[in-house]
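Each chain is listed here by its residues.
There are 4 protein chains.
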Amino acid sequence: MANFGGHAIPGTFFMFYGFWLVVKHILQHYWRTRQPKGRQLMPPFFKKLEYCEGGLQIFASFVGIMVEQFVVDGPHARLYNREESSWVKLMNWQHSTMYLFFGISGIASIACTLFKKVPAGIDRLTISLALFVEGFLFYFHVHGREPLDAHIHTLLLVAVFGGSASAMLEVFVRNNIILELIRAGLFILQGTWFYQIGFVLYPLNGDKWDLKLHDNMMFVTMCFCWHLAAALLLVTSTSSAVWLTVTRFSQRGRDIEIGMRNTSSKASAQKALLEQSDEE
Amino acid sequence: MANFGGHAIPGTFFMFYGFWLVVKHILQHYWRTRQPKGRQLMPPFFKKLEYCEGGLQIFASFVGIMVEQFVVDGPHARLYNREESSWVKLMNWQHSTMYLFFGISGIASIACTLFKKVPAGIDRLTISLALFVEGFLFYFHVHGREPLDAHIHTLLLVAVFGGSASAMLEVFVRNNIILELIRAGLFILQGTWFYQIGFVLYPLNGDKWDLKLHDNMMFVTMCFCWHLAAALLLVTSTSSAVWLTVTRFSQRGRDIEIGMRNTSSKASAQKALLEQSDEE
Amino acid sequence: MANFGGHAIPGTFFMFYGFWLVVKHILQHYWRTRQPKGRQLMPPFFKKLEYCEGGLQIFASFVGIMVEQFVVDGPHARLYNREESSWVKLMNWQHSTMYLFFGISGIASIACTLFKKVPAGIDRLTISLALFVEGFLFYFHVHGREPLDAHIHTLLLVAVFGGSASAMLEVFVRNNIILELIRAGLFILQGTWFYQIGFVLYPLNGDKWDLKLHDNMMFVTMCFCWHLAAALLLVTSTSSAVWLTVTRFSQRGRDIEIGMRNTSSKASAQKALLEQSDEE
Amino acid sequence: MANFGGHAIPGTFFMFYGFWLVVKHILQHYWRTRQPKGRQLMPPFFKKLEYCEGGLQIFASFVGIMVEQFVVDGPHARLYNREESSWVKLMNWQHSTMYLFFGISGIASIACTLFKKVPAGIDRLTISLALFVEGFLFYFHVHGREPLDAHIHTLLLVAVFGGSASAMLEVFVRNNIILELIRAGLFILQGTWFYQIGFVLYPLNGDKWDLKLHDNMMFVTMCFCWHLAAALLLVTSTSSAVWLTVTRFSQRGRDIEIGMRNTSSKASAQKALLEQSDEE
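Residue numbers (the working numbering), protein chains in the order written: chain B, 1 to 280; chain X, 1 to 280; chain R, 1 to 280; chain G, 1 to 280.
For reference, chain B alone in the conformation it holds in the complex (with noise of 0.2 Å):
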């Protein structure tokens, strides 16, 4: 991974989807806010977006390890090589393993939305898991690096602990759309942090970034602030756009209802009438 591409794919996978969970979260509260209060069952459609998601994430899962392991220069399964007394590729075990608790969290999303004995609450907490491992491993994984390298892969660390706390507080405070919103906005951060890596690290245009350089870190600090306003400007702007969408919509269907109901209606007051007038 230790190239441009290698930060520009989990970029625009973690990018995408933050996407998605706003387009469904927001989606699901319209949901919610149109329901009466007894009735909370999830409809059909939910169910089958939460199969779609939780399918998705466990095929990616699948094909990430899978990439991983048997690349051309990858540990082909082999993790302890006898002859030379040495670990095989552990960049890429590790990143199998992360790729793994976003497998597991997909298994447990399904399962949440199939077996209703499942407790509610245990696929917020796979993704939190799985977040955690993410920054855990990147955690040790910084040490010893060049001061600009690690210091940019620690602000990554931001969004992606952040994103496992609040994904861990959904675990107890359910269906609260703000939660929902920081969660899928970290995933936006986070997705476009890894291109902000991919950029400096290794360069496009091959203008080296000097590592060491004080100036270099406080820049990059700033960044992250802006990636962060940017997140936030794209999760209000996907949000409006779903909703606003999504009650137009909703009010023609009605407008088209109430107007059938309308005409069936004096359809009926004039078959009624007829009926009358031939009584009489």
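Rather than coming from a laboratory, the hints here were simulated on the basis of the structure. There's no promise every hint is true.
Stated by the list, open to error - Which chain G residues face chain R? A few, computed with CB under 10 Å, are given here: (1) M91; (2) A108; (3) L125; (4) T126; (5) V133; (6) F136; (7) L137; (8) V171.
From the three backbone atoms N, C-alpha and C, an ideal C-beta is built for every residue, glycine too.
Please arrange chains X, R and G on chain B, whose structure you already have, making use of the hints.
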């Protein structure tokens, strides 16, 4: 900002903001305690206050960013100097970033009041985020300075991160007067501490402090606690004053009202009597 | 305070305060469990207790400040020595600051009981703040000492910050007997640990401890856990004793009451019988 | 304890305890979900379980303390050697202290079940405290060891302090199956990790690990995540197995019951018919 004035301006701003928060939240609390349980709609007066506050916040942030950028020795919206391969005035850029987040918080505050669909709590989330970004930038800012300089800025972080944490709690625990006053008090503390930083690092009488003396650091630590005590006193006295004033005014208002009702009821009673006697 | 007595005095104070808290909170808990759900007004007896406690706290803080300031080798309210350009007795000033915050907590406790409008929870907030300030000053106090000296004071901080955190929680979770007893237990722990610090740093038999020996630090760490176990035992036994005493007394009281009622009802029954027979 | 066995014994204990917790809490959860809202009294069967568990905990702690003290090279209840002016076998004393707190937790667990007046939550508080003390002693224990040795013990602390935090949460959030399973899972993780520590530091095949190699530390970090995944799997499969078994058994029980009722109701119906016909 490397002079006394550069610390006095934000200090004054934060102190006034803190006081304003005390007044606003005591008024809201008074209003809440007077309401019957069911009716919890904010009256138009408070809405107007929120618009003014948000508008001022946005305006101040905009001015702050402009000043930081276009001051004589500012970066003039230029981030990177290609000729010298160096960042341009990162300090000013960092301050602009802080202002940006306070501006975002102003926008969120207005949006929360304007649109009923924006979940309550977003305003607190953004103010928490603004404080977090402020502390975050200061934290990496401080690195590699003289001991006393680093220490006095670290103490500032206690107020900043404390405020961020208490605002974040308010996302979940709404309308808790204690949390609201803690937040206000921490803004006041931050304000007075900015002044203290100014006095210590850029003394007005020109008597430089020894930035390496351990005793100076011990004094400064203790001094922070005194500022905390002063902030407590200020919050308590301000809120008592506001509460008493409001109570007196509203009582007088009610007395007059009751008085008028009595008069009118007497009048109507007399009228009724007269009418009765007329009928007889 | 650099002698055994200087550690024994606060130690004794904190131990007594901890015991007192156990007794008070068990009494309150007993009273709460006996009340019907609706009626939760504190009886005048508890109000008087609060006034006494608050008053004593204020008085003790005042005496503490005076002693620290006007003791023979104290600063005599003088903070800075212009001739020698040095701070005067900062240690005494720091202790005065700690006392100040415990005094503030006393004032808040009285204000909370006296005025119904002061939000409940302010008393816990100020005690939390007093402990925070104590720990905060100790934390920067310890810097640059001998390893064992630093370590033994750091362990004190576990009790101090633990108490501060649990008191802060009580601002939000009111009338939880477990939290109240944790707070009391941590005061007792702090008290006994002050004694331990005195014994280690200023041994009574004059046998100096080696302040650099790693084994001494290991022993001291373990010893802290023993103090914790002892505090647990003390809290448990005290609260059991108080609970049993109160239960017995109130039962006897009720037995007598019931006995009297029985007697009187019998008497009235006999009376009624006599009257009946009279009538017959 | 500086051998493989010394790590295998606590490892085995913690693993069994974790499994036991899964079984117990799933049974309790099953029972809770079957109860109507009003009736939440624990049936005698669960009470007996608590007594057994508490009793075993006390017994195991007692045996542990005795073994640590009176093993051949143990301290034999002697803390300080005056002749040599040195502490006697502090390691054994530390382990005794850990056992002591697990014993206290056993006592609290029994007291909670036995006396209705002991506030629910004390049992969780003491288990949280026992884990805290374990982690606390380990934390200062590790200081000054070889990098890999220190690192592998630090990872243990993640499981220990995680368990302590989740048990502390349970003091306030009662009967939450997710928290209960997290606690159980962290016990299992701690158990398997003790085995791992044994395998790494005292390899059975005598092949010593290089305690300074960075790659070994990276592997061990990743390995901890695998243990976490394994613990997740074990908790999930055990709880599913227990749940399914209980559901099947109770259904069969009910089927039989219903069958019997049917039979008897038919019988009584026949009887009634016969009687009717008799009357006719």
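Evaluated hints:
1. M91: holds (8 Å)
2. A108: Because about 9 Å separates G:A108 from the closest Cβ in chain R, which is inside the 10 Å limit, the hint holds.
3. L125: holds (6 Å)
4. T126: Check passed: Cβ of G:T126 comes within 8 Å of chain R, closer than 10 Å.
5. V133: Interface hint status for G:V133: holds (5 Å vs cutoff 10 Å).
6. F136: Hint holds; G:F136 Cβ to chain R Cβ min 7 Å, cut 10 Å.
7. L137: Holds, because the Cβ-Cβ distance from G:L137 to chain R comes to roughly 6 Å (cut-off 10 Å).
8. V171: Holds, about 6 Å.
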